[in-house]
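> Start from the sequences, fold in the hints, and give me the full structure.
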Amino acid sequence: YPLFQLGGPQLRIFRPNFFMLAVRPGVPQPEDTVQFRVSMEMTKVDIKNYLEKIYNVPVAAVRTRIQYGANNKRDHKNQRVKKPDYKVAYVQLGQGQTFQFPNLFPEKEQDTETRSFDDFKDKYMEREKQRQKGDPRRGGVPDWFGL
Amino acid sequence: MAASRGRRLLWHGRCWFSQTESAVPAPPPADSLYPPIVASATAKSKAAKRRRLEHFNQRVHAAASIEEKLRLYGQLQRPKYMVYPQTFALNADRWYQSFTKTIFVPGLPPRAAPAATETPGAVTPEAAKAPEAAKAPEGAGPQATKAPEPGEVAPAGAKTPEVAAGAAPYLDMGQLRSLACDALLQESFYQNKKRPALYRDQDHTPGPFLTQLVSTLAAFLSGHNPLLAASSLDLNPEVNYYWHHGEEVVVHGHRKGRVDPVRFQIDDNPHLQIRVPKQLPEFVPLESDLGDVPVIEHKPSKLPLFKKQYENKVFIGSKVADPCCYGHTQFHLIPDKLKRERFVKANLEDQIEVVYRANGIASLFAWTAAQAMYQGFWTEADVTRPFVSQAVVTDGKYFAFFCYQLNTLALTVETTQNNPRKNICWGTDSKPLYDVVEDGSVKGFNDEVLIHLVRFLLNRPREL
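Chains as they are written, first to last, in this note's numbering: chain Y, 1 to 147; chain Z, 1 to 464.
The hints are simulated quantities; they were obtained by calculation from the structure and are not laboratory data. Quick reminder that beta carbons are idealized off the backbone N, C-alpha and C, glycines included. Errors might be hidden in some of the hints.
Simulated pairs of lysine to aspartate or glutamate, DMTMM-like, Cα-Cα distance not exceeding 25 Å [said to hold, decoys possible]: (1) Z:K302 - Y:D85; (2) Z:K339 - Y:D32; (3) Z:K101 - Y:D85; (4) Z:K194 - Z:D435; (5) Z:K337 - Y:D46; (6) Y:K44 - Z:E349; (7) Z:K337 - Z:D350; (8) Y:K44 - Z:D336; (9) Z:K422 - Z:E297; (10) Y:K48 - Z:E349; (11) Z:K307 - Y:D32.
Rough simulated footprint, nothing fancy, chain Z against chain Y, three-plus residues with beta-carbon under 8 Å [to be verified]: (12) 27 to 40; (13) 60 to 66.
And the structure:
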C-alpha cells in the first residue's frame, strides 16, 4: 500500500477486533434504547463509529457502564470462581427509530397428536397419584401406622 | 382519659416526628365514655402510615409562617432526582412535561382585549395599512401584526402617529432597534476583548449583550409599563423547587421494598430575572384543557436522570419577605455544551428545539411553583388562582419565547387522582435576532423578535 498522507485516498480497510452483542434488557428500556454487551476496551466513540460505519445505524447517544462479575462462587477446592466482567452499552437511536428486542422462543402451535398425547399423559399421572394415596378415611396417615 | 391527657409519643421511622408530638387527639363526643377508636400511629401498617401522613399534612397546614411551612415541607431529606433545565438528554422536553404535568402548546398564548383600545399600525413595512380596531386575535403567533395593548408599536422605519383619539403614548420601533443594535455592536464590535477561553464563548459576548439589552429595554419601557418601574432585576439569581410526583418501590438499601414518592429537585440559574410586586394576568381560565400530558411509563433514570440527597430548597430568587414576590420574565442563556453547531455536527438537528423547550418548561415550572409556595399554596392546598410567568431562552443570536401558566401544584399520587387541572406552557421556535455583525453594522435585523421581546416586557395586569 502507498504511504497514507492527510487528505489522500484511504485504500486500507481496518476491521476492528471488537464484537458487540445485542441483549434483551433486564429492566424495561425506552423504545429508542438498545442494550449491548461490548468488549471492555471499547469507548462510547468506538461504539458510535462501529454501529454507524459498519451497520449504518444512526446513533444519537451512547452511555456505558462496566458490570462487575461476582467472585463468590466456590468450586470443589473452595477456591473462588470469578464470573467475567463485561461492559454494557445503552445506545439511543437517532432519527426517531425504535427497537424492541424480539421474542426468540415463541409458543409453537401444537397439532392434534401432541395435544391428545399430552392429555393422555396428564390422565395417567393423575391415576398414578390417586393410587399412591391411601384410604381417604385415614386422612393422609400412612398405612403402616397403627397400634 | 389517660389517652387524652396529652400523649407524648416518639414516632420513629420518620424524621418529621423525631420531636415529641404534643397534639391532643380529638376529644370524645359527649355521649361516649371512651376515646375514639383510631388506627395506631406507630405500627408497621398502612393505616398507621396514613395517619402519620395525615398528621404531617396537618402540621404543615397549621404552620405559623411561610418560612415555617417551607421548612417543614422540605424537612425530610431522601435521594431525589436532579432535574436540570439545560440538559443534553434526548427528548427531554417530553419527559419534563410528564414530570410536571404540563401541556405544551406551540405558539404564544391568546392575547386579551385591552381596556383602552388603541389602534397600532402594522408591523410589516407595507404602506397604506389601515389601522385596525384593536380586537383581540386568538392564537397570536409570530405572524401577529396587531398589538392590542396599551402601548402601540409603530411600523418599521417610520414614526407613524397614532390614529385613534386620545393621547396614548406610542413606541418608536426605530429607537428600540437602535437600542438593541447599540448593545450588540458594543459587545461584539466596538469593545476590545481578548479571545474567549475554552468553552467560555457564551460568557464572552452573548452574556453581556443580553444583560445590556434587557436592562436598557426595561429602563426605556418603564415609562410605558409602571409595573417595570416597580420591578426588581436580578443578575444570575438562583431558582429552586422541590416536589413529589408518582411512586416507586425502593430498590436496594435498608428501606428496600417500601413504596416511596418519586422526588425531584430543580436548581436553576437564569441569566437574568425580573420580579414584580403584582401578579401577571392569566392567559386562559384555571380549569381549561388544551391538550394531553405525555405519559412515560419508564423510570426517570432512563432519561438519564441521576439521584442525589441534599437540601430540599424552594426559592424564587429572593426571600419570602421581599415585596417583589411574583415573577415577570426570566432570561436564560444556553451554555456552550448545548450550542447549535455541536448538535449539527452530531446529526441531531431535531434536538436543538428540544433544548429550548426543556429549558423553558423546567425553569418556568420551578419559578411559578416556588412563587405559589411563597404565597402559602402547596401540594395539599392547591392554587386558587393561576400563576403566570414568561421566559426568553437564547444563545445570543436565536431567541425562543415561552409563557407558563401554573394551574395546579398537586402532583403526588393521592392528590392527582381527582385533579383534572394541568399546567400549560406556550412556546415558540427559536428565531434569529440578526444574521451577522460585520463592519460596525448589524445585517439582517429581525424586528419580529424584538417586538416579541418588547411585548413580553410590556405585559402587565389589567388594572394598571
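> It remains to establish, for every hint, whether it holds in the given structure.
Against the structure, the hints:
{"no.": "1", "hint": "Z:K302 - Y:D85", "in the structure": "holds, 23 Å"}
{"no.": "2", "hint": "Z:K339 - Y:D32", "in the structure": "holds, 24 Å"}
{"no.": "3", "hint": "Z:K101 - Y:D85", "in the structure": "violated, 41 Å"}
{"no.": "4", "hint": "Z:K194 - Z:D435", "in the structure": "holds, 23 Å"}
{"no.": "5", "hint": "Z:K337 - Y:D46", "in the structure": "holds, 21 Å"}
{"no.": "6", "hint": "Y:K44 - Z:E349", "in the structure": "holds, 20 Å"}
{"no.": "7", "hint": "Z:K337 - Z:D350", "in the structure": "holds, 16 Å"}
{"no.": "8", "hint": "Y:K44 - Z:D336", "in the structure": "holds, 21 Å"}
{"no.": "9", "hint": "Z:K422 - Z:E297", "in the structure": "holds, 19 Å"}
{"no.": "10", "hint": "Y:K48 - Z:E349", "in the structure": "holds, 17 Å"}
{"no.": "11", "hint": "Z:K307 - Y:D32", "in the structure": "holds, 23 Å"}
{"no.": "12", "hint": "27 to 40", "in the structure": "holds (count 6)"}
{"no.": "13", "hint": "60 to 66", "in the structure": "holds (count 3)"}
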